[in-house]
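Residue numbers (the numbering used here), protein chains in the order written: chain C, 1 to 634; chain V, 1 to 102; chain X, 1 to 160; chain L, 1 to 504.
In short, the hints are calculated from the structure, not lab data. Just so we're clear, the structure is a prediction, and the values are computed from it rather than from any experiment. Cβ atoms here follow ideal geometry from the backbone N, Cα and C, with glycine treated the same way. It is possible that part of the hints are untrue.
What the hints assert, rightly or not - Interface residues of chain V toward chain X, partial, derived using beta-carbon atoms under 8 Å:
no., residue
1, A14
2, V15
3, R27
4, R28
5, M35
6, A58
7, I62
8, M66
9, A71
10, I83
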Amino acid sequence: MQEWTGLLPVFPLAGFLLLVLSRGRMSRGIAGVIGAGSVGLSFLLALGIAIATLNNGGQAYTTVLWQWMQVGDFAPGFSFYVDGLTLVMILVISGVGFLIHLYATGYMADDPGFARFFSYMNLFVAAMLVLVLADNLLLLYLGWEGVGLCSYLLIGFWYDKPANGYAARKAFVVTRVGDTSMAIGLFLLFSQLGTLNIQQMLTLAPQQWAVGSGIAVAASALLLGGAVGKSAQLPLQTWLPDAMAGPTPISALIHAATMVTAGVYLIARTHVLFELAPSVQLLVAFIGLATLLMSGFTALTQTDIKRILAYSTISQIGYMFLALGVGAWSAAVFHLMTHAFFKALLFLAAGTVILSLHHEQDIFRMGAMRRRLPVSFWCFLVGSAALTALPFTSGFYSKDEILLAALHQEHYGMLLWSGGVLGAFLTALYSFRLVFVVFFGRDRHQSHATASHGHDDPQAAVVEAMSPVMFFPLLLLGLLALGGGFIHVPVDAVFGSGAQEEAHASQLVHTLMILIPIAGVMIAWFVYGSRSYQKAGEHLREQLLASGIGRRLHRFWFSGWGMDTLYEWVFVRPFLTLAALNRRDAVDQIYGWVAQAARVGNSAVVMLQTGNLRWYAISLVGGLVIVIGLGVWR
Amino acid sequence: MDAIPYEHGLILAAVLFVCGLLGVLTRRNIVFVLMSLEIMLNACGLAFVVASARWQHAEGQIMYLMILTLAAAEVAVGLGLIIQMYRRFHTVDISVLNEMKG
Amino acid sequence: MTLLFYSAGAIALIATLSVIISTNVVHALVYLIISLLSVAVIFFALGAPFAAMLEAIVYAGAIMVLFLFVMMMLNLGQATEDEERAWMRPSLWIGPGVLSGILLLQFVSTMLTHDVTLAPVEVSVRDISLLLFGPWLLAVELASMLLLAGLIAAYHLAKK
Amino acid sequence: MIVWWLIAVLFLGGALAWASEALDSQLPRVVALLALLGSAALVLGLALAGQANPLSPQGQWWVLADASWIPRFGIRFLVGVDGLSLLMLLLTVFLGLMALGAAWHEIRERSGFFYFNLLWTLAGVVGVFTALDLFLFFFFWEVMLIPMYLIIAIWGHENRAYAAMKFFLFTQVSGLLLLFAIVCLAWFHAQQFGVFSFDYFALQDVVLEGRVQTWLMLGFFIGFATKLPAFPFHAWLPDAHSQAPTAGSVLLAGVLLKTGAYGLIRFTVPLFPEASASFAPFAMGLAAVGILYCAKLAFAQQDLKRLIAYTSVSHMGFVLLGVYAWNLYGLQGAVMTMLAHGFSAAALFMIAGALQHRLHTRDMQRMGGLWSRLPMLSAMALFFTVAAVGMPGLGNFIGEFLSLLGAFQASRVATVFAALGLVLSAVYSLWVIQKVFHGPLLLPAGQEREAAGGPADLGRVELLCYGLMALGLLWMGLYPQSFLAHSASVLEALLQQTGTPGGG
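Based on the sequences and whatever the hints tell you, model everything.
So this is what it looks like as structure tokens:
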């Protein structure tokens, strides 16, 4: 199986090509089969490779497809490197990817751009596989940019709405800022180490650089720039909530399960560099912490179901960054995997809700959906439980590991841990707020729909959109979200032995970490769920909003801590103003002045040319007088 | 025979030349302009003849002959032009000929 | 002879000035003929009888007659004369006058530097002819070409 | 000999095309096609000959041909081809064919004279890429200028006279400086060796003292930087591009700009190594400023062709950056950028031309949502835009990445600023896609009413052209080695000969 590693991205790529070259003339059935089937093939292959590799004792290996280029010493190849980390990633990408593709054949069934959708999706999977398989940073960069492009195309998939286009552009440009930082990091790494091959770099770097040396700090900080862009961490997180403009399967695949975790993968993959730069590693932890808290607060105030999930994604990736920052590499990867399961589940379930309610996304226009949409409800419940890290769900194990590792951080352990626990509390609060508002309480959708559309038969309006191709992925993802915690990620060999000793902590800590999310759920139930307390809860909310500070805080959180506004004023507007001011190229105008001067000179001389013969004669005589004068009275 | 200071001859030529020039510059009637041109040419001829007398050599007069020829040709062409102009514009005012304006 | 020279010079000068300030074309032409004839006298005084002859015959005779014909064709009348008078504004004379004055000054200042008197010795027609059809033959040919060209041009221009 | 044939085929083909118009107005384009195919065959022949005999006695030069021209001044008809020239020749004949494809249906008036100009421009370009006598080089430099001027001035759009004149003046004034520097150089050669010579190899032996070298280097630099164009000399390009007919834009962007870069690599630095070394930081600064400044300007434009023109300037900044880094990475990057940008910019101009042909406007404010009407054209536009953004896997990325990689060794500050151009290129490129192809459908007034649902999608010739260029870009992006290998030995020899002034 291992010798076929090169085929992994080829299947989806071939799917992409077939779909593109068919130019939309292919029937939906065939397009769906190609779209989902190609990823399925990749998954089967990945599974085979994983089994073969693990049977082999997890031995890492390299497959060289061809030499990409050879310029002096710079010789990156089209070559794939497979180890435990790669295996986890390719399984998650192709596995979750396949499920989401399958779901999408149902979800997108009525869309006119069906084939285009799957072509982009397949291209995405191919690029993502290249990203995680790459054995050198340049090839990784290829995948990195490729997924960014697909993300752009898919966010703007419904291109006729300008808002979608705006969100897509924002996503691409903001991540491009990070990518540029990463590219500069690549230049720096190459100029210092003379190679971009990841394994060689990880060997060479500790030999050449001292811990904490300037180069190491610069290089890892630049890579971190790329990672925060892709993974929507502070300060480049603003694109992800807007990216929800894309179809929901996209949000599940790209903006929850796979692409946004690429930053985590990058840092984990180059962890040696980060270990050489402890200050940057600490920065990673604090970025993660700040992001997870900030987006937790923001998620509390959002009303759009997908935006809540988006902020929760940012927050969960914050956890992964926290883990990376404290050196819990495998915990980060573990959480990456479980997060992929439960967040994909949540998004797909949310997609079902949205589809069933005819593209309604405001949670306060839903309510009491647990009977109408039972499958979605159960999926959501499972997903939220895992997200909240309720005991025995997958999220519990991964988050537990992260928080324990944070506690054991040398200097700031307590701070990081308590921040993380606060984040867990917020997670519980917002995720069950979502669950309770959407699936419990009054049916606000019906009243709203009746009021706005004058439906005669509101009951008919809400029927769970569910077909086998959609149900099966939900079921499987639900199982994974529940039981994913028992999967062991085979990454110990990748991160070395030193990274992961079993973390020990007091009983109090463990208890707290179990109880706090549960407390969050309880409070959410009190405020949003329980009928008996609902009045009191609503009263409380109103009071909070009525007070000046509460309202201002709400608005502040709702706007994502004002980051968008800040960037609008610091970057976007100055750029637009500059562009508008200098639309006609100041440099060109300088040349224009030369031309103008010539023109003015010309018109001055033209005035002499009166056409009057006597004037000519007199000028002639004047010239004669001057010339003779020069000769006579010199 | 009394001696005539040779500058006087030249000065006379110069004065006549300048008179002709003044005519060319000031008159608007093209006939006058042409006449003034004749005066200028004639003054030049005078200067040559004076020079011929100064050096006691015939070449100055040959130059005068040339100028005479030139004047004849010029007048012929110039008068032809005047006739054309009068036919086209019904005037002899050279100010109407301003189509060479830039 | 000196007297002849100065008196003829004075007449030439006055006649010429009259040409350029005259408003009547025919009067001007007559003045011009007077001017030319007095120049012919000067030529004679300077010992150039051949040139004097030519001046009288060709210039005052042939060329001026040509002028006369043209003026007859143009048939300029009293209207033109009034027009001329209107055009003779003193302000018009300032610029050309100044320029001409300077030019005259320049001429005179160059000419006054030498002090050679002329002892007019007659240059015979024979001398002129020997030179003209000897070393200057080419110039004669050129002059004849020029006249031919003038002839053709005048014919072409004057034709309807 | 084969190089002479190459030039002669283009010159004669041009003359024949003009003459054949008298017989049939359809004939010139066929003649032009035949001439271009002939020259393409010759170039391929050169490539094969080169592969068979990689090291001829002249070292890196595969084919040299020599004849006396004006012996009194030592001017010779000396042409030669090496790996670098060969790549440029391939680009030239390929884009010549593309330009022909663009003109195939577009040019209807005076087509004979048009193809005459087209082929003569190409002949001049081929001459520029092969000439090794600097006088001959300058001769061809002018030969490619004047037909291009005519192409803009006769077949251009509404403001063509202004654009053509601007193009002509900029190129001519800078060309004058170039000529002056060339003549000075030959004069110094005569002083030092007693004979005049414009021979590239002989002139390399001329010893120049510091200041003189700097001035002459500046003469060459401005001559080439105007053509490139580099930042402060770029003002002619947007006008020329927006007014030129599509085929003219294709040639301008695809081929003519590259002659400037070629000149910098082949002449400016090798002839004046020390002066170039001390000038390099400044040139790289200009490159970085140009990349950012023109990217910003591109974003501000509403005229589609003008926008693409500014992106061209921005991208050529990477070439300048790579050249003045003067190490193998930077130079290879510059060469790859030249090739890839030749393809992508040519394709984008063809797309802009195709849109103008269909919508009769280049104003982006009057377009929108064309994807739903012209899916194939839009997909192609997306592909080439993405290529221009520098998507890995396509040629432009290889070029830009290598340029920056090389530049990073020479000047970190300039590289970091230049890299910001990657962000800005995303900003403007995506804006084009959004404005023209995405968003709600918007067609210029009157287009809606046209028969059978408005503008038509790609025709067969167009599809073939775009497809070939897309394949080319993919090839460059996925296996650039087949191109890099050609130029590697040449560039290494140049580096060895000059030392590495920019490297650090």
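For each hint, the structure was consulted:
1. A14: Status holds, d = 4 Å.
2. V15: 6 Å, holds
3. R27: 7 Å, holds
4. R28: 5 Å, holds
5. M35: 6 Å, holds
6. A58: This hint holds: V:A58 lies near chain X, its Cβ roughly 4 Å from the closest one there, short of 8 Å.
7. I62: 5 Å, holds
8. M66: Nearest chain X Cβ about 6 Å off; hint holds.
9. A71: Constraint on V:A71 satisfied, holds at 7 Å.
10. I83: 5 Å, holds
The earlier numbered hints are all upheld by this structure, with none contradicted.
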